[in-house]
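Undergrad: Numbering-wise (the working numbering), the sequence shown opens with residue 1 and increments by one.
Misleading hints may appear alongside valid ones.
Pair ranges (Cβ atoms, derived) [claimed, not checked]:
(1) M226 with D194: 46 to 52 Å
(2) M167 with L243: 34 to 40 Å
(3) R144 with R237: 39 to 45 Å
(4) A235 with G202: 27 to 33 Å
(5) G173 with E39: 38 to 44 Å
(6) H210 with M167: 14 to 20 Å
(7) E195 with A235: 33 to 39 Å
(8) D234 with E24: 31 to 37 Å
(9) D82 with D194: 36 to 42 Å
(10) G177 with P23: 20 to 26 Å
(11) R145 with G249: 16 to 22 Å
(12) T85 with W233: 34 to 40 Å
(13) S225 with A46: 17 to 23 Å
(14) E261 with T143: 53 to 59 Å
Read the hints as simulated data drawn from the structure, not as lab findings.
Don't be surprised by glycine CBs; every beta carbon is placed ideally from N, CA and C.
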Amino acid sequence: MSDWQQVSYAVDGGVATLTLDRPERRNAYTTVMARELAEVAAVADADDAVRVLVVTGAGKDFCVGADLAGAGTFDRSAQAADAGTIDGVARDWGAIGALPFAALRKPVIAAIRGAAVGIGATMTLPMDIRIASDTARFGFVFTRRGIVPEAASSWFLPRVVGISQAMEWVATGRVFGAEEALRGRLVSRVVPDDELLGTAYGIAHEIADHTSGVSVATSRQLLWSMLSAPSPWDAHRAESRALVELGSGPDAAEGVASFLEKRPADFRAPLDGVGLGWPAPPEDLA
């Protein structure tokens, strides 16, 4: 962990914090950051002491997008060796850093202040809850750079905000403020800047302190998976399986007992085996 150069990570009271940590470059995204985000996501997922992950940026911005190196920044022809390939072409570095959040079994809360532009916006889409400060500015600016959205955002964004809103933001490529993000349902709350982390941690601790880890993990996978299910019968099938498996487990027994005894629940079931809804990534992309 001490070798991470562009992110920092800490755990306190069941809540982990991942901070994009290049404030001198406004947390601009690099291939190093991409790999470190993936590594931290794996560490958080494997640690049973972590119940929730909060992601934020150091300094005044969340992430201003890719660290532009010049006219060849987006030329992927020479990047395949570093990124690996998919269908014979170089993989998108945005997805390498962002998709590990989709694979997590723990809920992820993005606490966003300042600029969240390009990959700074799309990396938050696989996260579950986005809280914005009133200073936040978002932009899916790819068409203004001559490229297309990345980080699997063509899958995530229409599901988060709807196709019409997604197309408006992507086609124009314009930067917009926190209130428009709230109206478009990209974020669930806008708060004063000095209340941003307190709000995010308040939600995180409400989850960590009062809920079953296996219940939250399975529910997260079910909800995301059902966004593409063809019918409610697919949800019925997956939920039935989950209810059978979790209903006979220790956390379900503790949940009922704590309610009847009018005391806080003490949930302890590990996450081993949780994977009822969200499919694992293909082996060549894991």
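Undergrad: All the hints need checking, so say for each whether the structure fits it.
TA: A quick look at each hint next to the structure:
1. M226 with D194: 46 to 52 Å: Violated: the Cβ-Cβ distance is about 37 Å, outside 46 to 52 Å.
2. M167 with L243: 34 to 40 Å: Given range 34 to 40 Å: holds, Cβ gap about 38 Å.
3. R144 with R237: 39 to 45 Å: The hinted range 39 to 45 Å holds for R144 and R237, with Cβ atoms some 43 Å apart.
4. A235 with G202: 27 to 33 Å: 30 Å, holds
5. G173 with E39: 38 to 44 Å: 31 Å, violated
6. H210 with M167: 14 to 20 Å: The hint (14 to 20 Å, Cβ to Cβ) is violated, given that H210 and M167 are roughly 39 Å apart.
7. E195 with A235: 33 to 39 Å: 36 Å, holds
8. D234 with E24: 31 to 37 Å: With Cβ atoms ~48 Å apart, the hint is violated.
9. D82 with D194: 36 to 42 Å: Since the Cβ atoms of D82 and D194 sit about 40 Å apart, the hinted range of 36 to 42 Å holds.
10. G177 with P23: 20 to 26 Å: Holds, since G177 and P23 (Cβ atoms, about 22 Å apart) stay within the stated range.
11. R145 with G249: 16 to 22 Å: Hint violated: Cβ distance 49 Å, outside 16 to 22 Å.
12. T85 with W233: 34 to 40 Å: 37 Å, holds
13. S225 with A46: 17 to 23 Å: 22 Å, holds
14. E261 with T143: 53 to 59 Å: 58 Å, holds
Hints 1, 5, 6, 8, 11 from the earlier list are contradicted by this structure; the remaining hints agree with it.
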